[in-house]
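Asker: Protein chains in written order, with my numbering: chain A, 21 to 874; chain B, 5 to 131.
Please note: incorrect hints may appear among the correct ones.
Using 20 Å as the maximum straight-line C-alpha spacing, the simulated PhoX-like pairs for lysine-lysine come out as follows [as the list claims (entries may be wrong)]:
no., chain 1, residue 1, chain 2, residue 2
1, A, Lys-72, A, Lys-736
2, A, Lys-477, A, Lys-494
3, A, Lys-779, A, Lys-345
4, A, Lys-345, A, Lys-736
5, B, Lys-28, B, Lys-86
6, A, Lys-343, A, Lys-72
7, A, Lys-540, B, Lys-28
8, A, Lys-619, A, Lys-698
9, A, Lys-696, A, Lys-779
10, A, Lys-696, B, Lys-86
11, B, Lys-28, A, Lys-826
12, B, Lys-28, A, Lys-828
Here are a few chain A residues that sit away from chain B, every Cβ distance over 12 Å (derived from the structure) [claimed, not checked]:
no., residue
13, Leu-63
14, Leu-98
15, Val-104
16, Glu-140
17, Arg-151
18, Leu-188
19, Ile-209
20, Glu-219
21, Ala-220
22, Lys-343
23, Gly-396
24, Leu-414
25, Ser-515
26, Thr-668
27, Glu-722
28, Gln-738
Source of the hints: derived by calculation from the structure; they are not laboratory data. Backbone N, C-alpha and C define an ideal beta-carbon position, used for all residues, glycine too.
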Amino acid sequence: MNSRRRLVVVGNGMVGHRFVDQLTSGPQSDGWDVTVFCDETRLAYDRVNLSKFFEGQGADGLTLATAEHYAAAGVRVLVGQNAVAVDRAAKVVRSSTGQAVPYDRLVLATGSYPFVPALEGREAAGCFVYRTIADLEAIRAYAADVSVGAVVGGGLLGLEAANALRNLGLETHVVEMAARLMPLQVDEIGGAVLKRRIEALGVGVHTGMATKRILVEEGRVVGLQFADGGQLDTAMVVFSAGIRPRDELGRACGLAIASRAGIVVDQHCRTSDPDIFAIGECASWDGRVYGLVAPGYRMAEIAVEQLGGGGDRHLTTFDMSTKLKLLGVDVASFGDAFGLDAGAHTVSLVDTVAGVYKRLVVSADKQRLLGGILVGDAAAYNQLLAMVQTRTALPAEPDELILPRREGSTRGGGLSPANLPAEALICSCHNVSKGEICEAIATKNLLDVPSVKKCTKAGSGCGSCSTLVGEILKVELKKAGVTVNHGICEHFPHSRQELFHLVRVKRHRTFDEVAEAHGKGAGCEICKPAVASILASLWNEYVLGPDHAGLQDTNDRALANMQRDGTYSVVPRVPGGEITPRQLIVLGEVAERFGLYSKITGAQRVDLFGATLDQLPAIWRQLIAAGFESGHAYGKALRTVKSCVGSTWCRFGVQDSVSFAIRLENRYKGLRSPHKLKAAASGCARECAEAQGKDFGVIATEKGYNLYVCGNGGMKPQHAQLLASDLDEDTVLRYVDRFLMFYVRTADRLERTATWLNKLEGGIEYLRRVVVDDALGIAAELEAEMKNVVDTYQCEWTTTLGDPDKLKMFRTFVNSDAPDPGIVRVPLRQQHRPATVEERQSMVRPAETDRRAQ
Amino acid sequence: MDADVVADQAEWIDVCALDDIRPKAAVCALVGRRQVAIFRPGTAPALYALDNIDPFSQASVLSRGIMGDRNGVPKIASPIFKQSFDLRTGICLDDAAVRVAAFPVRVRDGRVQVKVDVQLDSPSVTK
Numbered sequence: 021m022n023s024r025r026r027l028v029v030v031g032n033g034m035v036g037h038r039f040v041d042q043l044t045s046g047p048q049s050d051g052w053d054v055t056v057f058c059d060e061t062r063l064a065y066d067r068v069n070l071s072k073f074f075e076g077q078g079a080d081g082l083t084l085a086t087a088e089h090y091a092a093a094g095v096r097v098l099v100g101q102n103a104v105a106v107d108r109a110a111k112v113v114r115s116s117t118g119q120a121v122p123y124d125r126l127v128l129a130t131g132s133y134p135f136v137p138a139l140e141g142r143e144a145a146g147c148f149v150y151r152t153i154a155d156l157e158a159i160r161a162y163a164a165d166v167s168v169g170a171v172v173g174g175g176l177l178g179l180e181a182a183n184a185l186r187n188l189g190l191e192t193h194v195v196e197m198a199a200r201l202m203p204l205q206v207d208e209i210g211g212a213v214l215k216r217r218i219e220a221l222g223v224g225v226h227t228g229m230a231t232k233r234i235l236v237e238e239g240r241v242v243g244l245q246f247a248d249g250g251q252l253d254t255a256m257v258v259f260s261a262g263i264r265p266r267d268e269l270g271r272a273c274g275l276a277i278a279s280r281a282g283i284v285v286d287q288h289c290r291t292s293d294p295d296i297f298a299i300g301e302c303a304s305w306d307g308r309v310y311g312l313v314a315p316g317y318r319m320a321e322i323a324v325e326q327l328g329g330g331g332d333r334h335l336t337t338f339d340m341s342t343k344l345k346l347l348g349v350d351v352a353s354f355g356d357a358f359g360l361d362a363g364a365h366t367v368s369l370v371d372t373v374a375g376v377y378k379r380l381v382v383s384a385d386k387q388r389l390l391g392g393i394l395v396g397d398a399a400a401y402n403q404l405l406a407m408v409q410t411r412t413a414l415p416a417e418p419d420e421l422i423l424p425r426r427e428g429s430t431r432g433g434g435l436s437p438a439n440l441p442a443e444a445l446i447c448s449c450h451n452v453s454k455g456e457i458c459e460a461i462a463t464k465n466l467l468d469v470p471s472v473k474k475c476t477k478a479g480s481g482c483g484s485c486s487t488l489v490g491e492i493l494k495v496e497l498k499k500a501g502v503t504v505n506h507g508i509c510e511h512f513p514h515s516r517q518e519l520f521h522l523v524r525v526k527r528h529r530t531f532d533e534v535a536e537a538h539g540k541g542a543g544c545e546i547c548k549p550a551v552a553s554i555l556a557s558l559w560n561e562y563v564l565g566p567d568h569a570g571l572q573d574t575n576d577r578a579l580a581n582m583q584r585d586g587t588y589s590v591v592p593r594v595p596g597g598e599i600t601p602r603q604l605i606v607l608g609e610v611a612e613r614f615g616l617y618s619k620i621t622g623a624q625r626v627d628l629f630g631a632t633l634d635q636l637p638a639i640w641r642q643l644i645a646a647g648f649e650s651g652h653a654y655g656k657a658l659r660t661v662k663s664c665v666g667s668t669w670c671r672f673g674v675q676d677s678v679s680f681a682i683r684l685e686n687r688y689k690g691l692r693s694p695h696k697l698k699a700a701a702s703g704c705a706r707e708c709a710e711a712q713g714k715d716f717g718v719i720a721t722e723k724g725y726n727l728y729v730c731g732n733g734g735m736k737p738q739h740a741q742l743l744a745s746d747l748d749e750d751t752v753l754r755y756v757d758r759f760l761m762f763y764v765r766t767a768d769r770l771e772r773t774a775t776w777l778n779k780l781e782g783g784i785e786y787l788r789r790v791v792v793d794d795a796l797g798i799a800a801e802l803e804a805e806m807k808n809v810v811d812t813y814q815c816e817w818t819t820t821l822g823d824p825d826k827l828k829m830f831r832t833f834v835n836s837d838a839p840d841p842g843i844v845r846v847p848l849r850q851q852h853r854p855a856t857v858e859e860r861q862s863m864v865r866p867a868e869t870d871r872r873a874q
Numbered sequence: 005m006d007a008d009v010v011a012d013q014a015e016w017i018d019v020c021a022l023d024d025i026r027p028k029a030a031v032c033a034l035v036g037r038r039q040v041a042i043f044r045p046g047t048a049p050a051l052y053a054l055d056n057i058d059p060f061s062q063a064s065v066l067s068r069g070i071m072g073d074r075n076g077v078p079k080i081a082s083p084i085f086k087q088s089f090d091l092r093t094g095i096c097l098d099d100a101a102v103r104v105a106a107f108p109v110r111v112r113d114g115r116v117q118v119k120v121d122v123q124l125d126s127p128s129v130t131k
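So that you can see chain A by itself, here it is in the shape it has in the complex (with noise of 0.2 Å):
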């Protein structure tokens, strides 16, 4: 007889699937087979960051749960089924397909759907809801063809909804019922900071209004009229007004329902019928439906306890605290936020220029921290949280808890995490204390970051922690004595930014000389391109000098990019993008001449691949001929300029993008930097030239320009930030100037100007300062600095093919004018590209096989 008992869990949203996790990875997961109704087509996704689709992530990214995952943990899902009835006699789920799964234990997880008011219209093309990844692609689907958008709801999620409109290109609104945007995190003043600094990004808010009906014309959505006899026009409404728990199939079952909706659960997520648990967003305890993940996984975690045989841990009083970026605006509210504490006192500040408001409230004894509210910046929610949570005591003056550190001041800047006591809840999600993590650092060893993410899961969750479990670490690994190694290799015991700044104090002009006076050893392929590249930054000396040419990976060393069969791709500049008829002709030419195949690459050039090295100078002369230089598509540089046409031909156009891209690349071209830099200028506010997705970008405006920086990211792609507004071109460069100094002389070895600023302490805000404000009073010399490499620019190539001795680098064999006999081409849409490995082989054996045999 099957020993084994059947589990079904119904839902297999983010609390489902945390629920079968932790059941299937611990010791009560023997003994039960588990089936799982997941009535997305999707498994479980990470419903928390779902704007984060919007974000270039997608949906892969947003995973949380895989079939192979499932599989492996035997558990059985029926994905895009949903459960329609319980019959609680029988012991049977049945399915919309028919299926009776049959159960001795059944947890539901059917979490919540959104609540939509019951208004004439609602009904219409071009309403949407905010809660699955399909309720995404309809909303990027439709919005495609509208230019306008409004959002129902200013709470939490009515926020995220409005800027993932935003962020889709649409002239966005937000309509809140209630007198303030989040009037359940936040007060009046703050919600009128957070009106303010979301108004500033082009955000309609209306507060104080109530919908009274969709006005639809020929089944569209076309505007909202509101109760006051008011409207306003708009293509499509996204509805984020709360959200209510599915209990449909628990109610009729026949399951205990609480009077404001939900499965009502004891303290053991038990229903009414002591074989059904419920978790999650359906689930009512004690009276209340909480809308977070943390009190949903902390059900999760208590009915798997309850599945094997019980435990003491039990729901207690949730913590509703919450940390969000809504708009790019930070927005925190935590423990007692409203003050409603008998005598409670309040230390404020409200800084209406910066747009920054932070409450704290605080016990009348004015012995403790109760609770607060952070709006535009949020960096102290940790540890104010921490203080709350632990009881600690305030200190003598608590306004340095809220208070911006100013340089030269001893008062303010927060808290220092070594102050935290140890049972100080640092990852809320995961529930890991101070305590937990430095006990993990100690007995583990670890020594970065992401190990203790892995050890711990802290800051795995929602990821608000990161920063002060990194601080954490700094302080244990210090106080241990542990000297952290950042050298880039064997052979320095410095990271990029001290050889930076050592190469430039002591004027070191070699690597020879660097080795000697700061490392050890013959070198590598990590600290030589390292190295030259701060030379060449400092000092923009030609890269195949004798001293240097050694030391260049292998793109910088040929003035091309090396491909995989070993050949090279030669990419000439073409400045923003504009080119003549006769540049175009010539490069078909040279490629038909030299067998190269041709392609237009991601940033407005044309790349021409199969050069062997022997081929590359006379590639180039005659590309030189004609009028190019070296794009320098090899090196760790500035690449290009996109643009869009801007004024010139565009009807909408305001500024000269292509003049203006063409004038920043010669400007910056040839600049040897971390890592490759990309640039783009926009005509105006459509972006077409993207200038948000690059490392500087500019998007021009009625008034100049607006500078964007640290843009792109690479593998994981990242928003430019707003450096400054309405700027003239001079203005421009003299910024570009500054911030491109600032990362080449600080950043990491290839670390690209988004986790440099990611990394930067301050984020934007201190770079705007320094380079904007000049508050370290550097500009002059960082621009002095650029003006040195824009003075000193060479063409590479040019200057290469002026050097017979140079030219001897280019020969494929030192005794032999033959050509390399391991290139080998296949044809591919009348052109051809490199053989594999397994085609050469293939075509190589058989001659092989006829010499052997003579």
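Since the structure of chain A is already known, use the hints to place chain B on it.
Answerer: What follows is chain B alone, placed relative to chain A:
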């Protein structure tokens, strides 16, 4: 085939002048059907010779990598996927199961000579 066995069967073959290989540089020579990378890591005339074909990519490129050392072992990093090879033995420092042929090399009267069995193609192609 082992490099030492190859060396026993082969004669010293003149390849180029020592001056054709700048200090801290490498060249590739065509010796019979073999492509041989010759490395000159320092300013001294000391040389190393390896098969030029990178076994990970099959491209004939080792002479175009960056020279250096790992824990004192002189090495070349392939320019394609950056695996390093011991210049003395041809053993891959990142995967000891992989090696390229290493050839005896010497300088006589300012000329570079290598011992290579010219009858064979580079082993990575014939294997």
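Asker: Does each hint hold? Answer for all of them.
Answerer: Checked hints:
1. Lys-72(A) <-> Lys-736(A): holds, 11 Å
2. Lys-477(A) <-> Lys-494(A): holds, 18 Å
3. Lys-779(A) <-> Lys-345(A): Distance of about 18 Å is within 20 Å: holds.
4. Lys-345(A) <-> Lys-736(A): holds, 18 Å
5. Lys-28(B) <-> Lys-86(B): The hint holds at about 18 Å.
6. Lys-343(A) <-> Lys-72(A): The hint holds at about 16 Å.
7. Lys-540(A) <-> Lys-28(B): Holds, at roughly 17 Å.
8. Lys-619(A) <-> Lys-698(A): Answer holds: Lys-619(A) to Lys-698(A) is near 19 Å, not above 20 Å.
9. Lys-696(A) <-> Lys-779(A): holds, 18 Å
10. Lys-696(A) <-> Lys-86(B): Judged against 20 Å, a Cα distance of about 19 Å means the pair holds.
11. Lys-28(B) <-> Lys-826(A): holds, 14 Å
12. Lys-28(B) <-> Lys-828(A): holds, 15 Å
13. Leu-63: Leu-63(A) is indeed farther than 12 Å from all Cβ atoms of chain B, at 34 Å.
14. Leu-98: holds, 44 Å
15. Val-104: holds, 54 Å
16. Glu-140: Answer for Glu-140(A): holds, closest chain B Cβ roughly 64 Å.
17. Arg-151: Non-interface label stands for Arg-151(A): nearest chain B Cβ at 44 Å, farther than 12 Å.
18. Leu-188: holds, 39 Å
19. Ile-209: Non-interface label on Ile-209(A) holds, nearest chain B Cβ at 56 Å vs cutoff 12 Å.
20. Glu-219: Since the minimum Cβ distance to chain B is about 51 Å, Glu-219(A) lies beyond 12 Å and the statement holds.
21. Ala-220: holds, 47 Å
22. Lys-343: holds, 41 Å
23. Gly-396: Holds, because the least Cβ-Cβ distance between Gly-396(A) and chain B comes to about 45 Å, which exceeds 12 Å.
24. Leu-414: holds, 54 Å
25. Ser-515: Holds, because the least Cβ-Cβ distance between Ser-515(A) and chain B comes to about 19 Å, which exceeds 12 Å.
26. Thr-668: holds, 42 Å
27. Glu-722: holds, 50 Å
28. Gln-738: holds, 26 Å
Hint compliance for this structure: every hint is met.
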